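**Student:** Now for the letters of each chain:
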Amino acid sequence: MRAKTEKVDGEAQTLYEAFKLNAEAVSARVDRAADSLEAAFKVTEIVRQVGAKKVVAEPSPLVDSLGLDALWNESGPSLHRGNLRLHAPDAEVGISGLDLAIVETGTLVQDATCIGGRLVSMLPPVHVALVRTDRIVATLRVALDRYSGNLNGLPPYLAFISGPSRTADIERVLTIGVHGPGELRIIFIDRPGVEAV
Amino acid sequence: MSGTTIKGDIQAALTNESLRRALGRFADAYLDSREAAYQKKDFSALREEIAALKSQAAGRMEELAGQFADEATRHGAIVFRAETAGQAREYILNLAREQGIKTIVKSKSMASEEIHLNKCLAEAGMDVVETDLGEWIIQLCGQRPSHMVLPAIHMTRGEVAGVFSRETREDLPPDIPRLVKVARENLRQKFLKAEMGITGANIAVAETGTLVMVTNEGNGRLTTTLPPLHVAIVGLEKLVARFSDVAPILEALPRSATSQQLTSYVTMLTGPAPAVDAFNTPVQKEMHIVLLDNGRTEMQRDYVFKEALQCIRCASCLNVCPVFQLVGGHVFGHVYTGGIGTILTAFFNGMENAAEIQTLCLGCERCKDFCPAKINLPRLISKLRTRVTREKGLPLTQRLVLKNVLTNRQLFHALLRAVSAAQKPFVKEGTMRHLPFFLAGQAGVKNLPAIAKEPLRDRFKKNGGREAERNALRTGLFAGCLSDFIYPEIGTSMVKVLEHVGFEVVFPQGQTCCGYPARQLGAPEVMADVARQNLEAFESAGVDYILTPCPTCTHSLKNVYPELLAGDSALQVRAAAMAGKVCDFAEFVYHQGKGGLVQKPEFKPLNKKVTYHDSCHLKRSLGITVEPRELLKMVGADLVEMSFSDRCCGFGGSYSIKYHELSAHILDQKLACIQETGADLVAVECPGCLMQLRKGLADRGQGAPEAKFLAEILADQL
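In order, the protein sequences belong to chains A and B.
One point on numbering: in my numbering, the residue at position 72 of the first sequence is 72, and numbering is uninterrupted.
One point on numbering: in my numbering, the residue at position 242 of the second sequence is 242, and numbering is uninterrupted.
Because the hints were derived from the structure by calculation, they are not lab data.
There may be inaccurate statements among the hints.
As the list claims (entries may be wrong) - For each label pair, taking beta carbons as the anchor points, the in silico distance ranges come out as:
id: 1; chain 1: A; residue 1: S78; chain 2: B; residue 2: S18; range: 46 to 54 Å
id: 2; chain 1: B; residue 1: G567; chain 2: A; residue 2: R172; range: 43 to 51 Å
id: 3; chain 1: A; residue 1: N73; chain 2: B; residue 2: D171; range: 43 to 51 Å
id: 4; chain 1: B; residue 1: D277; chain 2: A; residue 2: D31; range: 35 to 43 Å
Owing to the predicted nature of the structure, the values given are computational and were not obtained by experimental measurement.
Using N, Cα and C, we set each Cβ at its ideal position, and we do this for glycine too.
Based on the provided sequences and hints, a complete structural model is requested.
**Tutor:** Set out below in structure tokens:
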């Protein structure tokens, strides 16, 4: 049993390393946490670095597992988890949970049917994306195959995100951060807390 | 559009230094970055997959449109089938009016450009804002996109700063990150207030009613999320049958379009997703999908042009086009530009609109290698040319020449000989200032070669057939007009090499022009006529192989004749038999030598630095790149590769006369690559390229390398 766990861990490590390489090639920054608590500290550190006073987070099991409300209480930035259409436009950081990560392209996949997940990942200049480490797949085709089994249940809004928003429309010079976030910070969580998915 | 207008536009584009620099830099960088993006993919397998799924979808377009509409409706979308651009505009305008819409944001959609939607909505008093950075720039200056992926590629940062300064009433510096930030801030306000969002789509999946959008800036996501009303305009060619068809297109589109593994955002919409209003109150999202026909069904019913529906709009055919690279998109006069744009314009705007722009194609066939949907664009443009010619007719002199002269070999050759005599006063050191050649007659063309005093065919007659060695295989030389009448030394060099290694060489006197120029001018029936004459000439000569020094002739004999004569089954069989014997000279010599079938040639070593130019038809129609280089190494040449060795030299037959300035610019780029290598010699295996390169190198004067035909280089070392 133990040997098997180690093997799984080894595979996860390989996939994680490969994902990190490809996602960083498209200007995302990738980190990994052992559990939700460590992830919460990493998110807090990002928020501190950004100097954010206002943070929005979508209601999702992965985000809930971090327990940010309790961690930040009065000392931290204001955290808004509802009324996102009003709060997301002037928040500095948005936090959301994503469903899959694709090694091949450094991409995250999200069932973005709930509008909250879209608003927090689009409007603030920094997007913090939480993903479970065991949800890394090798290729785009494998990721799409996950949805082909139940085509009737395709999410109305399925989003694929590879790095921050970018453009090369002026003289083909790559510029990061147009309409979407200019920073994408991805945190993998090996063992999300009990409340998790 | 009249001919003088397009020539005026070309002239203006050629004198626009910043445009040429921008396009040139892009074209150079594109090749490497695209290759890097495909590094871990098998491009040829991928494009087979896409061509198959898209051509099947095109074949079932109507059925898939119905299925898509049913599925999307089932998921809560409202689908409208628009037969014409007018119907699509009217539907969207009415919808906006009914709901009292005042502010609209749009993400990039070529279909909306195609139906000129902005103008119609703006005239109705609505505030319509393009939110894709490039589209916003051109909207602010009232232009058309010049490129379907990079709409404002023709503009510099300085020009953009000017446009944004006017818009924001600020004095903005030409600093790109700053300009992008200005766009973000200005457009963010528009997004938050917009009542309606308009998008296009890259793929529409019939099986699930899903729309797939491929974007980078994030404006597509905002447009589909913030306003509670979403309208998507989707051309029928975007339909695919299955959800599994999405993956191959997503693998190719970003790689070919922007050299990305995947764009920053890919969004898949299956029916409306939940929405909230500006006060975060949940509201019912409305999703309208306008399925646009506007000429696509007509295209689908056309057995030739149906192929163009396979296009996934990556614009790689624009990015590798030597003509686009010089003049940009606006010269094309319509929304869709470049090679594929020419075909789309013919169907979406009417054939008459493509009549002039189709002549911009040089026929270098480079785009064919890059198309991720495997569209044979050069073939489609050539077919378009035939149709335009059929409708418009050729100019009288050309028609007379083609129909009465080219099909009558004795008359054609007699005329060429007469020219040889008449040109004497004009000839200076083998080239002439003014070519009294009936196909020419344009000012500014200089350093054209003279017609040879003694054509190749006469040299054969004089020497008689040499006594063939016992058991020697017999090769027949198909000279082609340029080697026969202008560069007979190419032919004599080939004979020298072939006889040296032990072949018999004959020259069937009944041979004439291969006919390819006639087809290029839109008269395939003239080519079919001369094809029959050439067939007879070579059948009666009883040859084992047919060798030509000209890749266009080789391509004609080998690939075009069987297709051209397919209407007559007996002729087709004969054409196929002849095609089987046709071989390029370098390919033949190299492989015969390697196979040990002939004696090994003994060459005196050539102690020169040589660079090799890949002729368009030799590389792309015949796939020959290795053999000429190997032969050069065999003669001991110090082979140095030039950059972009397979980029066209700008000759393109009569193209260099019709668009001589464009041709001269393409030639200049080629010459710069050649001279950069410091080679003494540039080797070519196409008489057209030889003519073009010699013309250019003569202008460069002393110290410029010499252009020489491969067969000549070999023969000189025997």
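**Student:** Of all the hints numbered above, which does this structure not satisfy? Sort the numbers upward.
**Tutor:** none
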